[in-house]
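> Next come the chains, spelled out residue by residue.
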Amino acid sequence: MTLTITKIAEDLAAGRCSSREVVDDLLARIKAHRALNAFISVDEEAARRDASAADRARGAGGGGILAGVPIAHKDIFCTSGVKTTCGSRMLADFVPPYDATVVQKMKAAGCVMVGKTNMDEFAMGSSNETSFFGPVRNPWDRDRVPGGSSGGSAAAVAARLVPAATGTDTGGSIRQPAALCGITGLKPSYGRVSRYGLIAFASSLDQAGPMAQTAADCAHLLSAMAGFDERDATSLDVPVPDYAAALGTDLKGLRIGVVKEHFAQGVEPAILDVLREALREYERQGAVLVDVSLPNSSHAVPCYYVLAPAEASSNLARYDGVRYGFRAAEYRDLEDMYKKTRSEGFGPEVKRRIMIGTYALSAGYYDAYYLKALKLRRLIADDFARAFERCDVLAGPASPSTAFALGAKNTDPVSMYLNDIFTIPVNLAGLPAISMPAGFVGGLPVGMQLIGRYLDEARLLNAAHRFQEATDWHARVPAGI
Amino acid sequence: MVACHGSTLHRIPLLNAEDIEKVAHLARLGLTREEGQAYAQDLSRILGLVSQMNAVPTDGVEPMTHPDEAGLRFREDVVSGEIDRDRLLAVAPKTRDGLYLVPKVIE
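Chains A and B, in that order, are what the protein sequence lines are. Under our numbering, the first residue of the first sequence is numbered 1, with each subsequent residue one higher. Under our numbering, the first residue of the second sequence is numbered 1, with each subsequent residue one higher.
Excised from the complex, chain A in its bound form:
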């Protein structure tokens, strides 16, 4: 089964199937593929009830393309009355009393939530191995990681357990797992999608976005997710275009910037061959390749590993065992309660990042680390601004390697961090970027990243869509699925 949102919507509209039938089928698939560990929770009863309600609503007329379409939410989005763990023991039993804005908006669009997907703890990880609920397995090779942190969402879409899922991306957490699982994932511009009810990691970098089989599906999802929200202080008060309506524009004269530093040493050569072939497809469609340079992008990983942990150490201070979440069983006094709660509730990678952030922000080190990183962030963003004077989108790999083996990078945090070398600069600058399947190396999917100007999601989605009309990499399905 390879149903996309577009196909499901057609079938629902034509009366060829009901939302309830689609949901029943997917729930059975989720059960059959439980070994992937893509989901943290599945609420079958609620999914069936909501699907039947969607069918009744459709019978009464009305509803857009997403009405009755099943989706999954990354377990970082608060869902009213439904357990939201963020992949952590700290929130293992947390049932939020409200919906995230994204959840609310997708409900309003008629989507039926089938479950909450697995993820790296507090979205800190690039392999999904830091989840308190165990690693997710890559549907293309179960001994390999799906990427992270939105690995459950990526694996669920790749295994066709849901046509689409939400993700969040702080340093590559939508794009890298999308690349490693062979699906399409979009990180919108910072401020495009509300962060309200999205459990915070690094607030100046976090952004939610869609993950699906195709760019066309991502366009429908983004139209539903995006928009101003007064409850998010950095939400942008600008109109939301109809992203799907903009699909189909031809690419004649589109200037694609080929990032010199991204086609360099450190990337598997076979991945670069795949990407060069993808660029030839763009040339066949009339696009023009332009060589560009992002000279400061090599400093993005060090810069990010100051800023993201600094923001995280502050954001995660709220987990103190007082207002919600886990509290240690035994303690002597208040401080002991804080320490035991946090030590037992957080896993090793989360503690590592809290420690780094706390150190970087502590007296005497602020200028050398935090302030220095903020200045580098400016230089990295300025590089993009200069590149976009000469081109319309930038192209390169989404990840330096295909999916790596479970456990392969667990022992050295730095080697794990370097996975996100091509995705992190984009978050620092706040730009939109998409990862889409561009081919295979050794039977594993390769993702191509396209980066756009601020708020230029429509152009990215169209460029990815035109590529997907001419290729079928996005339609390939793992064996046994």
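No lab work stands behind these hints, which were simulated from the structure alone. Yeah, the Cβ is synthetic: ideal placement off N, Cα and C, and Gly gets one too. Since no wrong hints were added, every one of them can be taken at face value.
Not everything, but these chain A residues come out facing chain B in the computed CB check (under 7 Å):
1) Y190
2) G191
3) T234
4) V322
5) D333
6) K339
7) K340
8) Y359
9) K375
10) P413
11) V414
12) G430
Coverage of chain B stretches by chain A, computed from C-beta distances (three or more under 8 Å per stretch; other residues unrestricted):
13) 27-33
14) 70-79
15) 86-92
Chain B stretches covered by chain A per the calculated footprint, using a threshold of three residues with CB under 8 Å from any CB of chain A:
16) 42-49
17) 98-106
Let chain A serve as the given structure and place chain B on it in line with the hints.
Chain B alone, transformed into the frame defined by chain A:
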């Protein structure tokens, strides 16, 4: 200093057990001795990566706290009351009479 990815060619600020204990206390994390040793090693490694920043001159560069386009917006400080107090208290580990319960802090 030589800038080179992930290498240990830099002057690495090595953290000792005492530094780790201090940082852990600031972050209100209790660590075992073994954890402390592991974190001393990990954090030194990460700071080695981070120290590559020093190779870039940044004098006179305006710090960037968040993407320029997304300005920080203020709102009126008014009670929205969109989530019921009892529902918020219901997710707390311990409450009584509408209050959060914690160990005694004032004798």
